[in-house]
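Trainee: Spelled out, the chains give:
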Amino acid sequence: MTGTHQHGAPATEASSTSTPAWRLLATLALGGGFAGALVANVYERTLPAIQRAADAKVAGAVGEVLGAPARLDTLYLVGAALSRKPPAGVELRAVTKAFIGFNAQGARIGVAVEAAEPGFADDVRLMIGFDPATSALIGYSVLAQKETPGLGDKIEKDTSFAGRFRGKVVPVKGTKNSTLDASTVQTITGATISSRAVIQIINNAVALWQQRLTAFEKEGGK
Amino acid sequence: MTAPAAPLAQDEPFVPGAPPPGPLWLDAWGGIAQNNPVLVQMLGLCPLMAVSNSLANGIAMGIASTFVLVGSSLLISIFRKGIAGEVRLTVYILIIATFVTVADLTLAAAVPEISKALGPFVPLIVVNCIILGRAEAFAGKVVPKRALADALGMGAGFTLALCALCAFRELLGSGTLLGVNILGPRFEPWVIMVMPPGGFLTLGIVFLIMGWDLSRKARRARAVAA
Numbered sequence: 001m002t003g004t005h006q007h008g009a010p011a012t013e014a015s016s017t018s019t020p021a022w023r024l025l026a027t028l029a030l031g032g033g034f035a036g037a038l039v040a041n042v043y044e045r046t047l048p049a050i051q052r053a054a055d056a057k058v059a060g061a062v063g064e065v066l067g068a069p070a071r072l073d074t075l076y077l078v079g080a081a082l083s084r085k086p087p088a089g090v091e092l093r094a095v096t097k098a099f100i101g102f103n104a105q106g107a108r109i110g111v112a113v114e115a116a117e118p119g120f121a122d123d124v125r126l127m128i129g130f131d132p133a134t135s136a137l138i139g140y141s142v143l144a145q146k147e148t149p150g151l152g153d154k155i156e157k158d159t160s161f162a163g164r165f166r167g168k169v170v171p172v173k174g175t176k177n178s179t180l181d182a183s184t185v186q187t188i189t190g191a192t193i194s195s196r197a198v199i200q201i202i203n204n205a206v207a208l209w210q211q212r213l214t215a216f217e218k219e220g221g222k
Numbered sequence: 001m002t003a004p005a006a007p008l009a010q011d012e013p014f015v016p017g018a019p020p021p022g023p024l025w026l027d028a029w030g031g032i033a034q035n036n037p038v039l040v041q042m043l044g045l046c047p048l049m050a051v052s053n054s055l056a057n058g059i060a061m062g063i064a065s066t067f068v069l070v071g072s073s074l075l076i077s078i079f080r081k082g083i084a085g086e087v088r089l090t091v092y093i094l095i096i097a098t099f100v101t102v103a104d105l106t107l108a109a110a111v112p113e114i115s116k117a118l119g120p121f122v123p124l125i126v127v128n129c130i131i132l133g134r135a136e137a138f139a140g141k142v143v144p145k146r147a148l149a150d151a152l153g154m155g156a157g158f159t160l161a162l163c164a165l166c167a168f169r170e171l172l173g174s175g176t177l178l179g180v181n182i183l184g185p186r187f188e189p190w191v192i193m194v195m196p197p198g199g200f201l202t203l204g205i206v207f208l209i210m211g212w213d214l215s216r217k218a219r220r221a222r223a224v225a226a
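Protein sequence lines, in the order shown, are assigned to chains G and D. Using the working numbering, you'd call the opening residue of the first sequence number 1 and step up by one each time. Using the working numbering, you'd call the opening residue of the second sequence number 1 and step up by one each time.
Keep in mind the hints are simulated off the structure, nothing from the lab. For glycine and all other residues, C-beta sits at the position ideal for the given N, C-alpha and C. Some clues are possibly wrong.
As a list, the in silico SDA-like pairs of lysine to any residue whose alpha-carbon atoms are at most 20 Å apart [claimed, not checked]:
#1 218(G) <-> 78(G)
#2 116(D) <-> 30(G)
#3 157(G) <-> 115(D)
#4 81(D) <-> 143(D)
#5 146(G) <-> 115(D)
#6 146(G) <-> 50(D)
#7 176(G) <-> 186(G)
#8 116(D) <-> 67(D)
#9 146(G) <-> 195(D)
#10 57(G) <-> 115(D)
#11 157(G) <-> 81(D)
#12 81(D) <-> 176(G)
#13 157(G) <-> 182(D)
#14 116(D) <-> 166(G)
If the Cβ cut is set under 7 Å, some of the chain D residues that face chain G in the computed set are [as the list claims (entries may be wrong)]:
#15 109
#16 191
#17 194
Throw the hints in and build the complete structure from the sequences for me.
Mentor: Below, the structure is given as structure tokens:
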């Protein structure tokens, strides 16, 4: 805020009906220059905090869907294949990743991956945790959604809905009745589209990542 | 809306359309009461509708708008003589946009959850008519201390009206205030109140009460005159 106080078009003469063009240009150039400098400065100062918040959100979601793993391995998607080594020369945040969680005994709990597809309004972005060995879901966590408040947003706010996915084997089907079936999940009343979106995102993501993980393991897991 | 122009008692040169001189507290109080940007001028209704579904949103939006209003009004008032009339709107928008960007980035860094909930409405403060309105009608024509008083008053008036609407809608729409459950588990939330129609309904009720109050005052004035 204080940065712009120095900016000063000459304050000697009051604006009249015909101001010379150079003064108009000078006013705009000075104002634009200082505004640009201030915005750039604030952007640089706030960027670390904004990125920390985004990272914390992802880390929190990974911990949630894998049930607080003791250790995490990160796999990076390079081209079409997974690799333990991050690709060189690319901003790491932009790389698609899978997080493999292990418990304190070193046994694999499962894999957490991010996926987004259109919901009822805008994309729904989920962090999905599943066990690649059995295709069973561990859980999901909503990273971003703009579904209808009070109805569709229950995919995020109603934890009992997220809980219904626990242990279900992909591909999951939605149903309106309560169920004990190993692959069916009861949808939310009044939020059919949002429920279906979650189910579809999970099914597609698990199918895609199962392929990638199988290929990765065939290659020797490097 | 404004009192008849009083003779200029200031050492300031005459500026056409300048607000009449008055005590500083009156400049500030006007924005909260008789010249309230939302309830009287009916400006800034779009952000009001959009973010008033929870009190936390309202408080953050109110603070962000007040920050932009105060910063831009002060700066515009300080440089009012250096800003040529032909390009003043461009310069005003430039100054306002700068403060909005600063506010947006600061919110995203300090309170990411609220920043996400407000979505595009913080960047849209740039086109909030309250801010450009005050720049053009007030800050560009008066000394900095009056601009500051006016901006604080307008900001407070906007924030208070916004928070009142937010509290009403959140209480009925979610049964909570600032996320704390108030109405208990047996209350079935009126989902419509947190959705866009709830904003229109609430604002309609507010204007109904305002209109009723105005007509009552007018009736009383007529009765006194008669």
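Trainee: Decide if the proposed pair is consistent with the structure: residue 81(D) and residue 176(G), CA atoms, cutoff 20 Å inclusive.
Mentor: violated, 68 Å
Trainee: Does the closest beta carbon of chain G sit nearer than 7 Å to the beta carbon of residue 191(D)?
Mentor: holds, 4 Å
Trainee: When you check the alpha-carbon spacing of residue 146(G) and residue 50(D), does it fall within 20 Å?
Mentor: holds, 13 Å
Trainee: May I ask you to test the interface hint for residue 194(D) with respect to chain G, counting a Cβ-Cβ separation under 7 Å as satisfied?
Mentor: holds, 5 Å
Trainee: Run the distance test for residue 116(D) versus residue 30(G): straight-line Cα separation, threshold 20 Å.
Mentor: Judged against 20 Å, a Cα distance of about 33 Å means the pair is violated.
Trainee: Would the pair residue 176(G) and residue 186(G) pass a check requiring their Cα atoms to be no farther apart than 20 Å?
Mentor: Cα-Cα ~5 Å, so holds.
Trainee: Mind checking the alpha carbons of residue 157(G) and residue 115(D) for me, to see if they're no more than 20 Å apart?
Mentor: holds, 18 Å
Trainee: Given the proposed pairing of residue 218(G) with residue 78(G), does the C-alpha separation stay at or below 20 Å?
Mentor: holds, 16 Å
Trainee: Checking one constraint from the list: CA of residue 146(G) to CA of residue 115(D), max 20 Å. Satisfied?
Mentor: Cα-Cα ~14 Å, so holds.
Trainee: Holds or violated: are the alpha carbons of residue 157(G) and residue 81(D) at most 20 Å from each other?
Mentor: violated, 53 Å
Trainee: Would the hint linking residue 116(D) and residue 166(G) be met if the CA-CA limit is 20 Å?
Mentor: At roughly 28 Å apart (the allowed maximum being 20 Å), residue 166(G) and residue 116(D) break the hint.
Trainee: Would the pair residue 81(D) and residue 143(D) pass a check requiring their Cα atoms to be no farther apart than 20 Å?
Mentor: holds, 10 Å
Violation of the numbered hints given earlier is confined to hints 2, 11, 12 and 14; the remaining hints are satisfied by the structure.
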